[in-house]
Every structure is written in structure tokens, then in C-alpha cells.
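Q: Put chain B on the given structure of chain A with help from the hints.
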Amino acid sequence: MSTLPSSAAHAPHAHSGTTVSRVMGTVMLALLPATLYGFYLYGWPSIWLWLITVGACLIMEVACLRLTGRGGPATLWDGSALLAGWLLAMTLPPWAPWWIGVIGAFATIVVAKHAYGGLGQNPFNPAMVGRVALLISFPLPLTTWVRPVPLFAAGSPGPAEGLHITLFGSGVPDALTSATLLGHVKTEATRGMDVPHALAELLGSAPYGFGWHSGSMGETATLLILAGGLFLLAKRLITWHIPVAVLAGCAIPAAIAHALQPEAYLSAGHHLAAGALMQGAFFIATDMVTSPASTSGRLIFGFGVGLLTWVIRSFAGFPEGLAFAVLLMNACVPLIDRFTRPRIYGHGKPAGAR
Amino acid sequence: MAKPVIAALPPWLQRTLIRWGVHPDDRKRPVADLPVERMPLPPLLFLPLQQHVGAPARPVVQIGDRVAKGQLVAEASANISAPVHASTSGVIQDITTYPAPHPSGLEQPVIVLAPDGEDRWLNTSPPADPFALEPAAIAKIVAEAGVVGLGGATFPSAVKFALGLRVKVTTLIVNGGECEPYLSCDDRLMRDHADEVIDGIRIVMHAIGARQAKVGIENNKPEAIAAMQAAAAPYPAVEVIPVPAHYPMGSDKQLIQVLTGKEVPFDGRAADVGVLVHNVGTCRAVQQAVRKGHPLVERLVTVSGGAVPAPRNLLVPIGAPVQALFDHCGGFVSPPARVVMGGPMMGNPLATCASPVIKGTSGVLALTPAEVGDSGVNACIRCASCVAACPMNLMPLEMAAHIRVDDLDGAFQLGLNDCIGCGCCSYVCPSSVPLSHYFSYAKGALSNNERATLKSESIKKLTTARTERLEREAQEKAEAAARRKAEREAAKAKAAAAAAQASKPATEEVSS
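Chains A and B are the protein sequences, given in the same order. My numbering numbers the first residue of the first sequence as 1 and each following residue consecutively. My numbering numbers the first residue of the second sequence as 355 and each following residue consecutively.
The reader is advised that the hints may include incorrect statements.
[Unchecked claim] Output of the computed footprint for chain A on chain B, the stretches with three or more beta carbons under 8 Å from beta carbons of chain A:
no.	region
1	406 to 416
2	719 to 727
3	731 to 740
4	783 to 796
Just so you know, the hints here were simulated from the structure itself, not pulled from any lab data. Beta carbons: idealized from backbone N, C-alpha and C, even for Gly.
Only chain B is shown next, with the shape it has when bound in the complex:
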């Protein structure tokens, strides 16, 4: 019996068959219905060299350089890396460190750009017909444009393209789920630029050799679904499919399951089941890079939360300080209990609003205490709400019990590394046990342990190798010495024999 493709079933059946996840209040409107505003350029832009998964970019500009919008300021430094471009035209003011958009608020290397206000694009010559290009050529354009996964994963897109060519990928899954509450930047993008998104999807299909594309959009975005379906109408290979609004539908694994009925194996990648997932924003960034020659220098960001008086979707240059976004939306009505980059379910709390918007920033939220819903942690009552909510079918309560007594291996046995960190378990827990936090901690501790083990193993290996080498050398030396000695003795014996022979030649003749 094949697993049902849930997305192809009637909605009431979808509800019964999806046994995981939660239904948080989505709080997307009215922000999602307001037109996007372009944020005015802030006085300074802070371009982190590390905005992606992989090695940080390497600066290629000097302090004082004048750059155009879209000009390369830092190049990719490894196979898995992404370049950084100037978000507007201006002058490189500094190459220094600055608070990262990370809970720690630690400083990281940035290039500081002072905009000149002209916002002048670099002249480029995009290809006439991307579909005439080799897939590898498209991957090169995308890599050079610094496009990374815009759903929040920030994995360099071109690297994923190359994977699509190595493994046989038949289906491109396009993630328009946007299941996080509050966020509506992808919704806005699909409503306002459906044609460009569909064009981007077709370019990505060409680049990875996929025959078909399935665009999954949560059914709480009917306008986006309508716009995308209209834009996809001329292309039968591109199918726009409404999926139930159900957190975490926008998680790759869950979306793949709902759209194709396939499960990504725990020890493999999506490509192993013949699919590749890209976010709608990423597809549009690819389109902009290929059609216009525009690298990824700006993005839509949802600015929302109860502490924001005029929440809005903004078009923001990468590198703008978060504070500038809030200021543009009217500051704070009340001091926020927490400022979050990303959505409320998986986003990172910020240590400071000075941190810049990066490529993966889908939203910045200023949440009130009521929205955060902080209450004290109580004892687990084994209600198993977390088990019912877990989209990976894990047993969070048992994993947490192991982690609490520092039995990380026990938690690992129960599937700790399969946890996708969606936060459903913490969200439903009546005792407010910070389950997600436990799991993040344990994953970090485990991988540290693993690294330490690998390190000690490799040291052990080296030490053993050295000992063996020394022994071998000693043995070889001894053998060589013995050989030389033997040779010497043989020579001596020979010489003695020769001398003996020379002294009694007559006898020799007689005997022979």
C-alpha cells in the first residue's frame, strides 16, 4: 500500500491524516494585507561576512572604496560559502566587528557601508535566455549572486543545485508554506511578484534537471494561492497546491511528505527520494540574479509583534540595523519582552536591536509579555501532548527525562538527532517545560562530545602511527646494521679464504 499524498485528499481527510503539529494563532493579518513599503536607507549598513551556512566570505574591498549597488564586497572562500554584495551604492567605511543577530550578541566581522543615497546599480549583462544555458552556468550565476536559502536555512543555493545534478531529482518542491505565525513576507512576495516567482521556479527546475515542480502554499493564504495559480497556468509542469495551515508545514520534511507521500530517510537527504526543496523567496532571488543580474542585496522582512504600533512588510537592504526597521514602523508601544529574529516558533531572540538584517531574516518581532506567554516551569505530568504534537514522531518527554540526568546517549537513542527543533513540544507543554531548549542544548553537547571523541581518536591514531613508525625505523636500522655486519663478515671471510687460497695454490690444484 502506497502512502497517501495528503495534499491530494479533501481537506477534512487531510485534517484527520495529519497527526502532528500545532495550530498557533497565525496573527498574519492585517500585516499580510498591507502593501509592502521600501524602507529608507539607514545611515550605515553592516554587512556580516557570515550570513550563510558554510565558510565566511573573504573581503575584496578596502576601506574608502566606492562601490555600486550589487558590487562584490566579499567573495566566497570555500566550496560551501557565499559571497556578499553591497546593498546600495556608497563608500566602504570600515571592516570591523559588530554584534551578530544571534542570542549571544557576540561581535562578528562585518563590512560597514555608508550609503551615498544614489542607490546606483552596478552595470551587468544578464543572459538573453537562461533556458539556453547549461545548468552549471546557471549554478555559477546563482553562486556569484550570493543566493542562499531564504526560508531561514541560508544554505548556499548553488551548492544545492549541484546536488540536484549529481543525484537524480525529478521534483522541485517549492516551499511557500510560511507556517510561522506573524510572518507574511513570502505571502506578500507571492501576491506581488507571482510571475517572477514562477519564472524563478522554472529556472531552478532547469538548473537541477527537475521535470516538475510542486508549490506548497498553506491554505490560510488564498490570495497568494490564486496569484500563483494564475501565474503558473501556462506551465503545466508547475503545480500550485494548497496545503493545510498547520505548523510546521513549512518544514522541508513535512512538506515533502504532504506533497509527495515520501519520507526523507533519517540518514539521507531529500534528494535521495528524488526531490529538492527551495523556498519561494529563494526562487525569486534566483530569477533576479539570472534575469537582471541582480545579486541578493535586499529582501522582504515582516516587522510585527504586539509592541510594534504600525507593523508592516518592508523591503529592506541587507545589513540594515534591526532598530531602523522598528523605528520605521513607529518604535515600540511598550517595552518588548523579547525581540525575535525570524518567527516566534523557531526564531532567535536578539541581544540587541543594533544587529543587522541578514539574508535569512524573514521577520523581526517585538513581542509583549502576553504574546511570549512566559510562565514558570512545572513538573512534567506525562500528558504526552508533546508526543502528539511532534512532527517527527519522537517522544519529547522521554528524551527530556534522559537529558535532565545528563544521559545524552539515552536521548540520542530515542532520536534526538531527528528533532527538527520546530518547538511544537514546548508550545503545547502545560507545564511549560522548555523542551526545545533541552534538545538544542543536548544536540550541541553531543556534537561537542563527538568532535572531542574524533579529535582524541585522531590523536590516538597519530600517536600509534608514530610509535609504529619509530619501531619500524628502529627495526630497519637494526636490520641494516645486522646486514652490514653480515656483509662485513662475509667480506672478511672471503678475504680470509682468498688469502688462504693464495697461500696454498698447489693443494688446491691437487684437490680439484
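So here's chain A without its partners, still in its complex pose:
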């Protein structure tokens, strides 16, 4: 009588085939168009910075896995570290010096991820921890933005020159610096200029959202980010709840405030198109590890992220508040999860039944 293999296995004896690395890979695929467009807009320094940030994340991931003895060789290739580094790089000023990427990677991988126990254990979004740590520690390089100087255009640095800019941090030449929309409006507001004038001064009549202005790679090409987000929705990797709630949480108060006092508050459209809101809504707030598990919880979480972003942008000292908003709401996730558990089948009184 022969004994069959795996009789100790348990049902189900089938699997959907979804794996962590496939999930991560799909998210990266969704990020690709905006990233490539960012490379094109900001040239070689942005490519080098991206490579350094992602590379540093991978090296630190390996080091942490070794030190903690967590996971096998497969764990590195689950793609989570690569994705975290990628998302971090997308939020940095494209011409920032190399050490910004490396320190950011340290905060992201070592502090935010592995200090808490590695993949799946971190309460805070690693890329946002990295970004906030950098913003608070090194405000100047984190707020020095470059005007788009597309690859192959006159004035765009070549590979070697780009590497020189990234490694030896000659900084962005004054002629190329420019403020982001949110930064400009905030600065001018402190000088007493109202919002419509500040906008007119920065943009003229050019439309916003197509990337032809300064900012990080993840915030300027709003439409490509949106397209990537819709791809994730179509692939059913994320549900609509968080993105819609984030956008609504920011747009609704913005629209009300703008209607009441247009000279003091940006319109909902500018809030949606500017800054990291779109990337935050589809790629950051939707991070599975650090967002609630139930649908109602996701709506609350997303709305909180959007609302806090608007509050910080409108009333706080920082021009952009998405990263802070995400971290603040991350802290609420266990609480949200606790109070938004779905009603179990057969428990409680179903609405109107019997």
C-alpha cells in the first residue's frame, strides 16, 4: 500500500496564482509611464537619483534580511523593497544629491520597515516615513525644485554631467530653479499676495497637470499617475474606495473654501492636479500593509488622508501635506479596523429581514 505525498496538506488544493511579487510587479508597471515621463522631463540627474535611491533600498533590504535572519533569498525578489524605493524616489526633487536618496532609503527600509518587523508588519508607509524624515532633516535640498529641462533639449545635462550633478551636488543652477505650484502659492501668501495673482504669476495661462512645471516625478505628470491608478483598479489590485475617498476628502473642503473665499483658497481642481495628491491617492494611501482591511474603513481612512492634506496645505507651514496626512492616518488604522469590522453573516439583525 503506497502512501501518497502531501497527505498532510489542507484544502484548498488550488490557488489563484497571485503572489506578492506579482502584486508588486503590477504596481511598478503602473508607475512606469509616469516615471519614464519624469526621466524625460528632468533628464539624467533624475535617472541617477532614481537608480541610487532604489539601489540603496535593495542593498539595505539585503542587509536587514541578513541581520534579522528573516525570509529566504526569495524575500528580496518579492519586490517590496524595490517598490518602496521607487515610490520614495518619485517624491524627491529630481535633482537632489545622492545622499538624499541614500538617507531616504535608510529611513524607508531600515527604520520604517525592518525595525518594525519587516514586510507586512510596519504600521507606517515606509516611503512616506523616508520622505518626511528627509523633509524635516534637510528642508533646503527637499524644496529646491528644477524646471523641466527635457532630455536631449538644449541645456539638458548628459549622462556624465547628470551623474556629476547628483554625486557632487553642485545644486540646481539658479536659472533652472522654480517653485512648485503649492510652494509658490504658500510663499506668496506669506508675502500677502492673494491666490489668483500668485497663480497667474507662476503659470500665466498654461494648463496644469501635464507635467511642464517643477515638482517631483510623482507629482507633476498627474494624468499619467491617474492612468496608472486606473490600471491598478482595472487589475483589481486596489479597490476604488481609498483613491476616491482621498480625492473627495481634499476636493470637497477645497471647493467649499474656494467658493467662499476664492482669493484665499486654491480651487479643488488645483488641489487635485498639484502636489502629490494623485500619487498619494492611488499609490501611497492604497499601500496594503498600512491601510484598513474593510471597505468602510478604507473610505474613512482615505477621506481622512484627503482632508488632512487639504488642511495642511491650506493652514500649516508646509506647502504640501500628503506625506504627513498619510502618516497620521496610518496611525489610526488599527482603530479604524477595530470599529469597521464587517457584519458577519447571520449575526446582528440584517436590515429589514424578518
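A: Just chain B now, kept in the frame of chain A:
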């Protein structure tokens, strides 16, 4: 606002409203389209005494007895139990133990039957008109025929009938969902024997006092739906309703919800919402028992899986070794990674192919490594795919987190006992966390704990009772002794008084 009856809505709306479950590749065809073959009798049949939920049956035959097909070989031994009958005519060769169709492969008591090849039925005299019988009489026939739930639950059907009479059941839900991938034995049964299935449904309705029957069939079986609708056409009380092909539609609770809009309360039974669920195969077994006097001795079994060269639906005598089924379908193309009894989502892996087919065996699958999709377990990334897939609205990831640190009570608080074990969570998990396995383990451990608690509580109760009794007895003894002493003293006093009186009668007279 009443909950919508999902089955009554247009298909696109059904898709949006059903928020649970998964869509595994159903892999039912081409097997479902091939005609059923009767499997030749194997040299020996192994009839387990325990093929059902409840107490094992008690043998009523001796080694060497000659039996006819359908003859009783083991009787029901308790209220919840089911008898076992000879699957063919032959000689009782042994009453022994044999590997059970269970992952453990442990041996269990069986009756070994050597077929004589004649396949000769026992003579019986079925009733002329079952609808003229009392419901209790039908339940008796069904109980004596050893009919159990053939969807896999193997609960004795007659016991369920009795429940239907005790509680007011208006609707019989007939489960033709067959939502497990690969399996197509119910599909085949409905296509080939729709008239008998509908007849059986009407007999069951009569037996449980239901006014109407709703037959739910997944819409990936259009031929079965057409056949059943045609057979049900003369009977307006029997409604054949296509339901979305969506795993686990064949779970009682989910099917009830989709067909009636009602939810079975967590602390109750389906009968509490006025319904009773029976599988199509069970209804047909009831029909065979009542109309022909044939007990449950054979069933349709789907033999499939990537390692099987000629997969097929077979008509198999109960007790045939699983290996014989595979042999009839051409053996194995490649060594299977896993042999499963039942469907891939909820079936049991077998320790050995020697184990016999039992009443609840809907399929035997020999799965290749690619089909099983075994990959290493990774960390949970809290993607909540399991939450979206759970048909009971549980949060599997949280329950698993509690179980991992042995906090079974925490998992219980989150609804562990509401888990129906459908396997959707494990199926979708990108980290391949064996969630279903966790929950089975935790349920087992919890009920062990509960049993242990009950036991210690009852011991405590007995001990307390004993102490109290001893104390009471001691007290009673003391009281009795005191009473006797008092009586003695009273008697003594009386005697003394009497003596005193006798010595001075004069004084007494004066004083009175």
C-alpha cells in the same frame, strides 16, 4: 427595506451584489459532457461503518454470509446514524479495519464484501403511491435506505426530514450548485435523470411539509438547467433557478441567501428561516429508495485531475477502492502531487488510494503540482484579498494573526466558528498563507478546550455534589444521634418522673 433576492435580479446586477467568493477556473469540461460509465465491480468492496455524521453503524451480518445487493449489512445504532447496505450481491469476507478516506489514513471498521458478479438486487415491495403515505412513513423508508446528504455533508437525511416537521418549513432549497471546480457528477445526474430528481424533490417536499421548492443551479451548467426546467414544468411548486457561477455558491448559507434573501442566524439552523436544504443527489437517492426500494449503494463520482489520462464520471458501488476508479480511467499520466477526495477547494487529501469510496464521495482528483499551485508561505501583506473573498464577511487575516500567537479566544471573538471552511481566503492569498488550515486547527483546538472545560466542570460539579452529600449525611447522622439522645433522655426523665410519681402518690393527690 427587504433584502433583495439576488437570484431574481438580472445577471449583471447579481455580479455587483455578490460581494464574496472567488472565480476559480471550473475545469468541469469536457468531463461533464461525457456520458457516465458504470465502473466494473472491483474484486473487493470495503464498506466503512462510519460514512455519515453521527454514530457508526452496527454490523448485522456474519463472516461468510451471502448477501443480495441492497441487503442491510449494518444497522443504525443511534438517533443520528445511518445503516449500511451491500453494494452488490456477494459474500461477507471479513469484518475488520481498513484505511479510511481521511488525510490520516488511519484504519476504521469496515465490512469486506466479495462480489459474486451477479449484482442481484434484494426483492423489495415499494409503496404504490408515496404521496399517500404519512411524512413520517417516508422518513422511515429514507432512514432505512441509509440516505445521507450527498453534497458531502453526509448528515442522515431522515433526521433532517424530522426537523422539517418539527419546525415550520415552507421552502425546500435544492442544491444543484456544484460550485467546486472539476466536479460534474451532480451536473450529469441532472442532465441524465432530471425526471427522477424532480420526482425526488416532490417526495422530499411531501416528507418535510414544504409548499415550494427552489432548485439553485449554477449558470455554468446550461444543459442541466434546461433538463431540470423541462422536468419541473408540470409542477408549479418546483422552481428551477439559475444562479451565478461563483464559488462557494453551493454552500447552504450562501445559496439560501441568494435564493431567498434570508440569512441563517449564526446560532440557529436553516429551518429557523423556514427553509431546508437538500442536495440534488440526495433527492434522487430518496426517490430511488421510495419508488424502487433501492437503498443508497452506489453513486456518481467524478474522476478527474491533470494526472488522469481519461477523466470521467463513473457510477461506482460504495466501497470501491479509489485506486480502482483511477485504474478504470487509465491510471496516472504522471505521479500526482496530491490525491483529493471531493473538490479541490474543500476536499480531503488522501493518504492512500486504497481507501474506499463512501456515500459522500463526489469526486476523486489526482492533481499535478501545477494544479495544486504549491508555493512557499510568505508574510501577510495585509492586502485584505481574504476579507473581500470571505462569504461569511469575516476578517481572515486578523483571525490568523490571533491564531498564530495561540490566542484562540481572540480568533473566536472575531467569528472563527462562523467560518464555513470554504477555502476562498487561502485560494486568493498572494502570500499563500494557509488560512483555512489555521482555522481548521483552531476550531479543533477550541472544541477540544471546550470539551476539556465541560469535563472539568462536570467533574467539579460531581465533586462538589459529593462533598455536599457527605456533609449532609454527616449532619443528618449527627442530628439523628442528637435526636436519639434527646429521646433517650426524655424517656429517662419520663421514667424518673414516673418512678417519682409512684413513690409519692399521696402528695400528688393533695396537690391536684
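Q: Look at each hint and say if it fits the structure.
A: These are the hints, each one checked on the structure:
Residues of the region 406 to 416 of chain B lying with their CB closer than 8 Å to a CB of chain A number 0, which falls below the three-residue condition for coverage. With a cut-off of 8 Å between beta carbons, the region 719 to 727 of chain B has 5 residues touching chain A; three or more are needed, and the interface restraint holds. Taking a C-beta to C-beta cut-off of 8 Å, the region 731 to 740 of chain B contributes 8 residues in contact with chain A, enough for the three needed, and the coverage statement holds. Chain A is given as covering the region 783 to 796 of chain B, and this holds because 8 residues of the stretch bring a CB closer than 8 Å to a CB of that chain, at least three being needed.
The structure fails hint 1 only (numbered hints given earlier).
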